[in-house]
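Q: Generate the whole structure from the sequences, applying the supplied hints.
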Amino acid sequence: MEDMEEMTYVVLISPDSHLTPSQAVKQILMLKADITVKETCFGIIMQGKKEILDEVIKELRKLDEYGIFIKERGFKIFDNRICRLVRKKRRPGFHQIEREYSSLPYIREGLIAYDKGIISPERIKPKKIKKAELERIIEEIIDASDGVSPN
Numbered sequence: 001m002e003d004m005e006e007m008t009y010v011v012l013i014s015p016d017s018h019l020t021p022s023q024a025v026k027q028i029l030m031l032k033a034d035i036t037v038k039e040t041c042f043g044i045i046m047q048g049k050k051e052i053l054d055e056v057i058k059e060l061r062k063l064d065e066y067g068i069f070i071k072e073r074g075f076k077i078f079d080n081r082i083c084r085l086v087r088k089k090r091r092p093g094f095h096q097i098e099r100e101y102s103s104l105p106y107i108r109e110g111l112i113a114y115d116k117g118i119i120s121p122e123r124i125k126p127k128k129i130k131k132a133e134l135e136r137i138i139e140e141i142i143d144a145s146d147g148v149s150p151n
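So for the sequence shown, this note's numbering puts the first residue at 1; every next one is plus one.
In case anyone wonders, no lab produced these hints; they're calculated from the structure. Ideal Cβ placement from N, Cα and C applies to all residues, glycine included. Check before you lean on any hint, since a few could be wrong.
Below, in silico cross-link-like pairs of lysine-lysine (DSS-like), each with a Cα-Cα straight-line distance of 27 Å or less [unchecked claim]: (1) Lys26 <-> Lys71; (2) Lys32 <-> Lys71; (3) Lys58 <-> Lys88; (4) Lys49 <-> Lys26.
Derived CB-CB ranges, DEER-like [to be verified]: (5) Ile119 <-> Lys38: 16 to 22 Å; (6) Lys32 <-> Phe75: 22 to 28 Å; (7) Glu109 <-> Lys49: 31 to 37 Å.
A: Right, dumping it as structure tokens:
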């Protein structure tokens, strides 16, 4: 049998969710899945075989269908290259996660509205603009900057 790929996921829990990171960790531990779990201020970090993590994610989503957001993490849990204890400062990417985290209630609201049919796919599609309009906008920006490069 082939080895299953090991992954590390960041699980962000929307700040307006009834589920806390601590509750999520407890639920995961009750599953007795062969993974490593670490609680964070934004949610949790999970590491293990991809297939097992995917099953755990399915169970987590049952707790809050619209409030659980998953993304892959490039580093394993306790990797010294990004560990705050070793580096003595915030880890790389913290500010990005902080920004994403603050947007989650809006994304959650949009997902709920979409599922309820309040927002239709047609309403979401961006308006197309003609080439001439795009060129006009670019010229306006260039004229406004007086040809000064932003760099």
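Q: Lys32 and Lys71: Cα distance at most 27 Å?
A: holds, 22 Å
Q: Looking only at beta-carbon atoms, does the pair Glu109, Lys49 fall within the given range of 31 to 37 Å?
A: Holds, at about 34 Å.
Q: Is 22 to 28 Å a correct range for the gap between the Cβ atoms of Lys32 and Phe75?
A: Between Lys32 and Phe75, where Cβ atoms are some 26 Å apart, the hint holds.
Q: Between the alpha carbons of Lys49 and Lys26, is the straight-line distance 27 Å or under?
A: holds, 19 Å
Q: Is the hinted pair Lys26 and Lys71 satisfied, with a Cα-Cα distance of at most 27 Å?
A: Answer holds: Lys26 to Lys71 is near 20 Å, not above 27 Å.
Q: With 16 to 22 Å as the target window, see if Ile119 and Lys38 comply at their CB atoms.
A: Roughly 35 Å apart at Cβ, these two residues miss the hinted range, so it is violated.
Q: Next pair to validate is Lys58 with Lys88; report whether the Cα-Cα distance is within 27 Å.
A: Given that 27 Å is the threshold and the Cα spacing comes to 35 Å, the pair is violated.
In this structure, the hints that do not hold are numbers 3 and 5, in rising order.
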